[in-house]
Amino acid sequence: MAAPVSTVGKPSAERLPLNTTSFQKKTRTKLISIPGTRPSVQNGQLLVSTGVTSLDYLLGGGLAVGTVLLVEEDRYDSYSRMILKYFLAEGVVCRHELFVASAQDNPDDILQELPAPILDDVAIHKPVEQPRLSCEPQDSLDAMKIAWRYQNLPKVQSALASSSRFGHYYDVSKTMEPEIRQAAKCHRFYLTEHPTQSPPTHSTMLESYSALLKSLQEVINSEGFDVAAPMSKSRNILRIGLPSLGSALWGDDLSCHDNPRNGHALATFFYGLRAMLRSSLAVAVVTVPSHLIQDRALMGNITRLCDNAIALESFKGSERETNPLYKDYHGLLHVRQVPHLNCLASKLPDHKDLAFKLKRKQFTIENYGTALSFWQPTCWAISTNVVFI
Amino acid sequence: MFTELNSILNTTPDSFTQGEFILLSDRQSDASFLIHHFLSLYLRARCKVCFLGLVQSFNHYSAIGQRLGVSLTQAKEKGQLVFLEGLKESLSVLIPQDTETGTRAMDFLRDPAVGLKSLYEFVRSGATSSGVGGREADGGEEWGPPVLLVDDLSVLLSLGVSAGAALDFSHYCRATVCSQLQGNVVMLARSDGRREEEEDGDDEGSERLLRGLTHQCSLTLQVQGLPTGFCRDIHGQKCAGGGDKAMNSTNRRNSFSTKSTTKEPPSLLPGHRALFSSFTFPAFPFGLLSLLHVTTDHHVSISPDNTSWVLSCQK
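Protein chains in written order, with full-length UniProt numbering: chain Y, 1 to 389; chain S, 1 to 315.
Read the hints as simulated data drawn from the structure, not as lab findings.
Some clues are possibly wrong.
[What the hints assert, rightly or not] As a list, the in silico DSSO-like pairs of lysine-lysine whose alpha-carbon atoms are at most 30 Å apart:
1) S/88 <-> Y/214
2) Y/327 <-> Y/359
3) Y/316 <-> Y/174
4) S/88 <-> Y/185
5) Y/357 <-> Y/327
6) S/88 <-> S/117
7) Y/316 <-> Y/327
8) Y/214 <-> S/117
9) Y/327 <-> Y/174
Note that the structure is predicted; figures quoted are calculated from it, not measured.
Using the sequences provided together with the hints, build the complete structure.
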């Protein structure tokens, strides 16, 4: 007779009287298990997916919790905005909480444009569905004839599958369904709606950056993302998306003048952001219009203050668009920095010539041109998909 | 602690020169592994260490320290290590709280024009205090000469402190720790390595800081990238240069991809001696090399048949 459903998955405590050894399985202590994360194979850091699997690979498996990813925008802010949307969409699918702060677009507008996940196994979390699931196995029409042992198991395992899978794929031609999006909790910071306070006399930061930091800290403390908070309730990750930080709309003249008055405001903000993230279960993706910032040394300082940094350079509108060498790609991707957390040094990606391509269902980053540069033009018709392993 | 580096510099935990100011610098690479080396070296040498960790959290240093064989938490409890966690302290300054907690060391964030006096006060109290509670009779152990480690000084420039103020700070630290207390100072200063013609006043901060520190220090360790470009197996392939025969310094990225899981000390690979006339720096566990450029206040010139350093005292 098949074992009844109720004992499936029951802990082995019931079997102890029969168990004569005192051998106890060593449990993994203090391994926080949060949906949508996994430990790194390199150094045990907790990683989250950026939403782009090839970017995850570049960064060493994923984005480490407590770090910042700096994306230097391409000229039209199209691909960097896409990466930000992937990041936020991944947060929705993994049921993380989101924090979006913007000076230009309303955060609600950004959230409405998230790409739709490719939904083979992502469950739509409607509580109404639950009672239906539990009564289905008893439906005699669905009685299994061959695999009858599995009949009494719950039918849909999708809730588990989506949370244990790392990295999803998205279809950029569609936007995410409102039901899925609204299931995720989202905090917003829209600079124009934020009440202007008196300029802070206590730091070099601009008022806008101070307000943003303060708002971030309030969210982290109130929602329990602080690492030091008691572990009573289940932990979650906060995903922070900051598009176009440092642009003129934040009140920063870094991108307008050669010798900005508040040259260190943005760097101080990044320092504060780094400090805050190191002590909380949060991840940030920040895009900065670096092509507007004339001071390369300042950009270098900011890059060093962030843990991960990539720069995008799109071919749109440049002469490279018609260059047959780059015809399969939309732009170049430069990795400026990878983090070394809790270890002596970091592992830079093996290949330095990286190009990206935005397809409908995938954002791929590949190594181009190792062999191409030696090829004659007529040979370019041959498929050049160098698989980036 | 890397034993090969110790042998190159002729230091051991038992015997090292006191009163030294060591400058660690890098150009478009990362010399922070040297800070971990010196931290573990001086902790093993039973010195009183004051560490200003301005860019990383305590757990980062502690995790690496454990791999190198020292326990930072224990050292802190025993009073051997005084640690300033810059990131944590800065939050209370950047986001004003109602209660003033923590040290005042990061107060320069409020107004960088004021300078680093409060940071210096922290260093002075950290280096001169002896044992827990300031008394040695109550079981506080006696530690060796004080050592100040700063990781890293150039982040202060990005936070708005002027190069002059940073140089003043390093001078005061040297005067107190090296001259008065006969201890050592190790500072890390990073730069982007811009070429000379790009110096149009923007980068005058970090280059000026580096030049000033080089003048103040007694030993410089520079980490540079490969002149021929990025190579998977060999990083920082460098170039030997002597003080006056400095070879091309390139602006390539340097990275040491050590496997953090291994605790093996790096092994010495004798290769590349013919190419670059210098000692090879310890290879990291899976075959990476890097060479260091060591300058002392003696002029170091390289003989043409490039087999060894030739120290010619020109002072």
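Given the hinted pair residue 88 of chain S and residue 185 of chain Y, is their alpha-carbon gap at most 30 Å? holds, 28 Å
Checking one constraint from the list: CA of residue 316 of chain Y to CA of residue 174 of chain Y, max 30 Å. Satisfied? Holds, because 23 Å separates the two Cα atoms, which is no more than 30 Å.
Please verify whether residue 327 of chain Y and residue 174 of chain Y have alpha carbons no more than 30 Å apart. Cα-Cα ~25 Å, so holds.
Please work out if residue 316 of chain Y and residue 327 of chain Y have their alpha carbons no farther apart than 30 Å. holds, 11 Å
When you check the alpha-carbon spacing of residue 214 of chain Y and residue 117 of chain S, does it fall within 30 Å? The given pair, whose Cα atoms are some 27 Å apart, holds under the 30 Å limit.
30 Å limit on alpha-carbon distance, applied to hinted pair residue 357 of chain Y and residue 327 of chain Y: Cα-Cα ~10 Å, so holds.
Given the hinted pair residue 327 of chain Y and residue 359 of chain Y, is their Cα-Cα distance within 30 Å? Satisfied, since the Cα-Cα distance of roughly 14 Å is no more than 30 Å.
Starting from residue 88 of chain S, check that the Cα of residue 214 of chain Y is at most 30 Å away, please. Distance ~15 Å between residue 88 of chain S and residue 214 of chain Y Cα, so the pair holds.
For the pair supplied as a hint, residue 88 of chain S and residue 117 of chain S, confirm whether the alpha-carbon distance does not exceed 30 Å. Satisfied, since the Cα-Cα distance of roughly 19 Å is no more than 30 Å.
In the structure shown, no violation is registered for any of the earlier numbered hints.
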